[in-house]
Amino acid sequence: MQALAPSGILAGMTRYVTDDIIYALATAWAQSALAVIRISGEGCLKALSPCFSRPKALVEAQNATTVHGYIRTEAGENIDEVVASVWTDGHGYTLEESVELSCHGSLSVIKEILGLLGRLGMRSAEGGEFTFRAFLHGRLDLTQAEAVQELVSSQSKTARALALGRLEGSLKNQIADFKQRLLTITASVEVQLDYAEDELDEFVFPREQLETLRKDIAVLADTYQVGRLYREGARIVLAGSTNAGKSSLFNLLLKQERSIVSPVKGTTRDYIEADLSIEGIPIRLYDTAGLREGSDAIESEGIRRTERLMGQADLVIYLVDSTDVSHIPSEDERTIVVYNKSDLVRPPKGRLAISAQTGEGVTTLLSAITERLTGGSHASGDDLVVIESERQSRLLTDAGNALERASALVTLDIPLDIIAVELSEALQNLGELTGEVTPSDILETIFSGFCVGK
Amino acid sequence: MDYDAIVVGGGHAGIEASLALSRIGFKTLLITQNLDSIGRLSCNPAIGGLSKGNLVREVDALGGEMAHLIDHSMIQYRILNRRRGPAVQAPRAQADKFTYARLAKETLEAQPNLALFMDTVVDLVLDKEGKKLVGVVTQRRHTITCRVLVLTTGTFMEGRIFIGEYDAPNGRLDESAAIGLGTALRSKGFPVGRLKTGTPARVRKSSLDFSKMELQDGEEIMMPFSFDYDSIDRPMLPCHITWTNERTHEIIRANIHRSPLYGGKIVGKGPRYCPSIEDKVVRFPDRERHQIFVEPEGEGTEEMYLNGISSSLPEDVQWDFIHSIEGLEDAQIMRPAYAVEYDFIDPQALYPSLESKLVENLFIAGQTNGTSGYEEAACQGLMAGINAAQKLKGEKPLVLSRNEAYTGVLIDDLVTMGTQEPYRMFTSRAEYRLNLRHDSCDQRLTQKGYAVGLQKQENLERLQAKLEKMETVKELLAKRRMGEKSALQTLKMPEITIADLEAQMPELSSFEQPILYQVELDVKYEGYINRQERQINRFEKLESLVIDALMDYDAVEGLSAEGREKLKKIRPLSVGQASRINGVRNSDIAVLILHLDRGGRHGK
Chain R
1 MQALAPSGIL
11 AGMTRYVTDD
21 IIYALATAWA
31 QSALAVIRIS
41 GEGCLKALSP
51 CFSRPKALVE
61 AQNATTVHGY
71 IRTEAGENID
81 EVVASVWTDG
91 HGYTLEESVE
101 LSCHGSLSVI
111 KEILGLLGRL
121 GMRSAEGGEF
131 TFRAFLHGRL
141 DLTQAEAVQE
151 LVSSQSKTAR
161 ALALGRLEGS
171 LKNQIADFKQ
181 RLLTITASVE
191 VQLDYAEDEL
201 DEFVFPREQL
211 ETLRKDIAVL
221 ADTYQVGRLY
231 REGARIVLAG
241 STNAGKSSLF
251 NLLLKQERSI
261 VSPVKGTTRD
271 YIEADLSIEG
281 IPIRLYDTAG
291 LREGSDAIES
301 EGIRRTERLM
311 GQADLVIYLV
321 DSTDVSHIPS
331 EDERTIVVYN
341 KSDLVRPPKG
351 RLAISAQTGE
361 GVTTLLSAIT
371 ERLTGGSHAS
381 GDDLVVIESE
391 RQSRLLTDAG
401 NALERASALV
411 TLDIPLDIIA
421 VELSEALQNL
431 GELTGEVTPS
441 DILETIFSGF
451 CVGK
Chain P
1 MDYDAIVVGG
11 GHAGIEASLA
21 LSRIGFKTLL
31 ITQNLDSIGR
41 LSCNPAIGGL
51 SKGNLVREVD
61 ALGGEMAHLI
71 DHSMIQYRIL
81 NRRRGPAVQA
91 PRAQADKFTY
101 ARLAKETLEA
111 QPNLALFMDT
121 VVDLVLDKEG
131 KKLVGVVTQR
141 RHTITCRVLV
151 LTTGTFMEGR
161 IFIGEYDAPN
171 GRLDESAAIG
181 LGTALRSKGF
191 PVGRLKTGTP
201 ARVRKSSLDF
211 SKMELQDGEE
221 IMMPFSFDYD
231 SIDRPMLPCH
241 ITWTNERTHE
251 IIRANIHRSP
261 LYGGKIVGKG
271 PRYCPSIEDK
281 VVRFPDRERH
291 QIFVEPEGEG
301 TEEMYLNGIS
311 SSLPEDVQWD
321 FIHSIEGLED
331 AQIMRPAYAV
341 EYDFIDPQAL
351 YPSLESKLVE
361 NLFIAGQTNG
371 TSGYEEAACQ
381 GLMAGINAAQ
391 KLKGEKPLVL
401 SRNEAYTGVL
411 IDDLVTMGTQ
421 EPYRMFTSRA
431 EYRLNLRHDS
441 CDQRLTQKGY
451 AVGLQKQENL
461 ERLQAKLEKM
471 ETVKELLAKR
481 RMGEKSALQT
491 LKMPEITIAD
501 LEAQMPELSS
511 FEQPILYQVE
521 LDVKYEGYIN
531 RQERQINRFE
541 KLESLVIDAL
551 MDYDAVEGLS
561 AEGREKLKKI
571 RPLSVGQASR
581 INGVRNSDIA
591 VLILHLDRGG
601 RHGK
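Quick note, the sequences are listed as chains R and P, same order.
Residue numbers are given in my numbering: position 130 of the first sequence equals residue 130, and the series is strictly consecutive.
Residue numbers are given in my numbering: position 436 of the second sequence equals residue 436, and the series is strictly consecutive.
The shape of chain R in the complex, shown without the other chains (with noise of 0.2 Å):
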């Protein structure tokens, strides 16, 4: 339990109280055709009926039902036709019961249905109110209830199924399967403490299966970075000279994309930014208009920009025209250094080219991109484990460094009573991460597996 006092969900819970009626728009405030307001809390259907068309069906609606009906204003005026999606007490989302009133999505509608819920003594939810009651009626847990945050935020397609995923628990699963390997470990090495050197087989410690766990642990806690990527995304700078085609690859580039959101002309920056999306990531590319060579230029103001740009850069791609390879820019993990123009010039051997024009070479620097962004933990398939907060990423860490520690100690022979706390301190930072293990959990496990006492 001592799991929940650094969560940072829980870091503001007392702020909440659970015991009134919450409501907030579900859906984005914005015009669009429907809009989901939903309320939740103990007595809300009654509190609402008042205002509802059908009153009577709604206060006897069944679990998990649907009523249709008009809201009215406390005149008795319309104010929309609603779908009421009723949830009884320890069902829905919240495990409260709740309504969800599927309503049109004018603003203006939105705006008079909210306001009606406040005059009937509801009060508008905090950011995550739902989502904390949910826990708190033991819906969900922890890495659940981050996950719906993350879903609530992420950007990107990819970042929406990797969110889904947790929520349905494969975080959970491949915690849990941590735990229980931990747990082995530890109790081969307990069981050791708990009886007399004379009452047992010669013991040896399971090294290899530490090893493969703190690398296993290592390779989740990694995936922070990818996680963070899809949800957050990346910045992809194009620079280069002023020739070397980087507004063509830039086009390019928004046209092979069908999901281009926003294309932004910088009326008042000297470079041109778009959003799109390369292999579920979403990406933020800057066109730098302004980065010319020679030193008499280094002064200005535009180069400056371009080069404050590209240090904030997740990505680099520097373009270079296979016409002209007076500067060649060295490549580094930040930098990918691509030959345009291919259809020109052969450019070097085992050199990523392209041309812009023909559009040849443009598949293969997608893949590298995608790879350089994700260090080769590729999000496409729906098996892949991310972790997204930063929570989750320090408890993983946390955890390996702590098997590192014990692999460390049983090189130096050190007695295993030192090593056992290293053990239960990793076991201790899986425990936070969807709920703890106790003393009897490795007392189950030494019991299920040896023949013990005299």
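Keep in mind that the hints were calculated from the coordinates and are not lab data.
All residues carry an ideal CB built from backbone N, CA and C; glycine is no exception.
Fair warning: there could be bad hints in the mix.
In silico DMTMM-like pairs for lysine to aspartate or glutamate, Cα to Cα no more than 25 Å straight-line [claimed, not checked]:
1. P:Lys212 to R:Asp89
2. P:Lys568 to R:Asp89
3. P:Lys212 to R:Glu202
4. R:Lys46 to P:Asp554
5. P:Lys205 to R:Glu199
To list a few chain P residues with every Cβ distance to chain R over 12 Å, as calculated [claimed, not checked]:
6. Val122
7. Met470
8. Gly483
9. Arg534
10. Arg571
Simulated restraints on C-beta separations [to be verified]:
11. R:Asp89 to P:Asp548: 27 to 35 Å
12. P:Ala451 to R:Lys46: 52 to 60 Å
13. P:Glu326 to R:Thr212: 36 to 44 Å
14. R:Gly311 to P:Lys479: 53 to 61 Å
15. R:Ser407 to P:Ala184: 53 to 61 Å
16. R:Glu42 to P:Phe117: 42 to 50 Å
We have chain R; now place chain P onto it with these hints.
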């Protein structure tokens, strides 16, 4: 009022409870079914062992008696798990069981304020409301009144022993069970259940062939369990080791249907950590052999205890399988192995002070609470005695925390989680065992024993002197250079022991071995203890959130149905304790913290 306090039962819990109460100054009566059975070692003729040795030393540090009894009756002494690290090392001693029991009775007899009486308690007398204890009724129809009662019935409450097809209403072989009390408690609404334990056969020493067994000697130097003196000198006897074999297992397998355990006659649950030999054979069919320790039961007896093959199989089967074992081919069986099933009271019905939630002034300790083992019984008996005395004085109970004593872990486990099988102490039950070393029990507990009026002033002074000496040794080590480093830093290296340093620093020789040993551990473990300290801080944060015993959980919104029910049953006294209750979810704890934060804390 006839007595301030009555203690029912003269086993290891009853001894500690009655001594504590009378030593603190209350007029106490100990009622036992048989004065000749006081302090019996009914099963293994040994005291201590992993984590159990710590319990004995905790009892001693608080002012209890068990360490004295074993110190003056031991016939072999060993430190277990030397190689596995100091935090889990523990002393274990073979006892001369006759000497042990005789010393126990003599100690009780010599105790002012303490009366002894032979009778069997068959019922409790409660006040009109049925909420407070006022006395007991005995088999011979005495009604004896008291202000507090400590119940320590061991395996005797509705006890029944089993040997194959044979069974009898006994608490120990051929000793009558206490019939009636369990039924009376059930009718008063106490949650009474059944547990089972067992003991192996005793065989005659002169009929064994020790040349076919492995010799197991003790340490050359015996060290006392008690902190009150530095050395003891007792005669030493060896133990021996032999093994079961395929033929033993065949005999057992062929007759398994005749075991009352497998035949369904015994309903009580037995301990998984101490399985009978038939259990081991069934559960671990791949093992070719199981170890048996052949332990002397005392100096003046031929009886030898066959540690590792407890059984409830019929005597003819026992006869066969024992004789299939190397060295035991011609063994004369003097007492058969048997299982015993008995009533226990669900310890979740107790507060951490060991006082009943159902009936005020009633304290329950020992095997009655579902534990197993002399040491587990003794530490509970002591705490029940201390807290019954605190109650008489109108003072707050002494509750030891999980990070200061195995006793604290044990009692917290019992009252918070209850038990499904006879509960034995294990080092792995303690989260912070680096802090629970046996050699430093006095530093954690002697002051507490003194504060409740049990521990003597002179022991407090001895502790002070010990701490000063340890400080002096540390200063000596810090000052002395050894090449680049100080001797203190050198000692931190895993391969260096204080004995190595002693060779180069003769000035250390003037200090007692326990002092040097403890300095060595303090120095070596410092870094790890500091690491554990962080975990302890987190633990203490939740422990410090106090919940009133009378908390109205129905008024706490948002609790899960199961969580609410469990909280109402256990009535935890802190959020920390609440978080350890089975079935209470993280979210329930979050709700509880919220509730307390909003002023739901009804402080006493």
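To see whether the hints hold, each was checked on the structure:
Distance check on the hinted pair: P:Lys212 and R:Asp89 sit about 71 Å apart at the alpha-carbon level, beyond 25 Å; violated. Proposed proximity of P:Lys568 and R:Asp89 is supported: the alpha carbons are some 22 Å apart, at most 25 Å. Our distance criterion of 25 Å between C-alpha atoms is met by P:Lys212 and R:Glu202, whose separation comes to about 22 Å. With a CA separation close to 23 Å, the supplied pair R:Lys46 and P:Asp554 stays within the 25 Å bound.
The hinted pair formed by P:Lys205 and R:Glu199 meets the criterion: a straight-line CA distance of about 23 Å does not exceed 25 Å. With a cut of 12 Å on Cβ distances, P:Val122 stays outside the contact zone with chain R, its closest approach being about 35 Å. With a least beta-carbon separation of about 21 Å from chain R, P:Met470 lies farther than 12 Å from that chain, consistent with its non-interface assignment. Consistency note on P:Gly483: stated as away from chain R, and its beta-carbon is indeed over 12 Å from all of that chain's, at 20 Å minimum.
For P:Arg534, the non-interface assignment is contradicted: its Cβ lies about 9 Å from the closest Cβ of chain R, within the 12 Å cut-off. Remark: the non-interface label on P:Arg571 is consistent with the geometry, its nearest Cβ contact in chain R lying 17 Å away (cut-off 12 Å). At about 28 Å, the CB distance of R:Asp89 to P:Asp548 agrees with the hint of 27 to 35 Å. As the Cβ distance of P:Ala451 to R:Lys46 is approximately 58 Å, the hint placing it in 52 to 60 Å holds.
In this structure the supplied range 36 to 44 Å holds for P:Glu326 paired with R:Thr212, their Cβ-Cβ distance being about 41 Å. For the hinted restraint 53 to 61 Å between R:Gly311 and P:Lys479, the CB-CB distance of approximately 55 Å keeps it satisfied. The beta-carbon spacing between R:Ser407 and P:Ala184, approximately 58 Å, falls within the hinted interval of 53 to 61 Å. Roughly 60 Å separates the CB atoms of R:Glu42 and P:Phe117, a value that falls outside the hinted 42 to 50 Å.
Hints 1, 9 and 16 from the earlier list are contradicted by this structure; the remaining hints agree with it.
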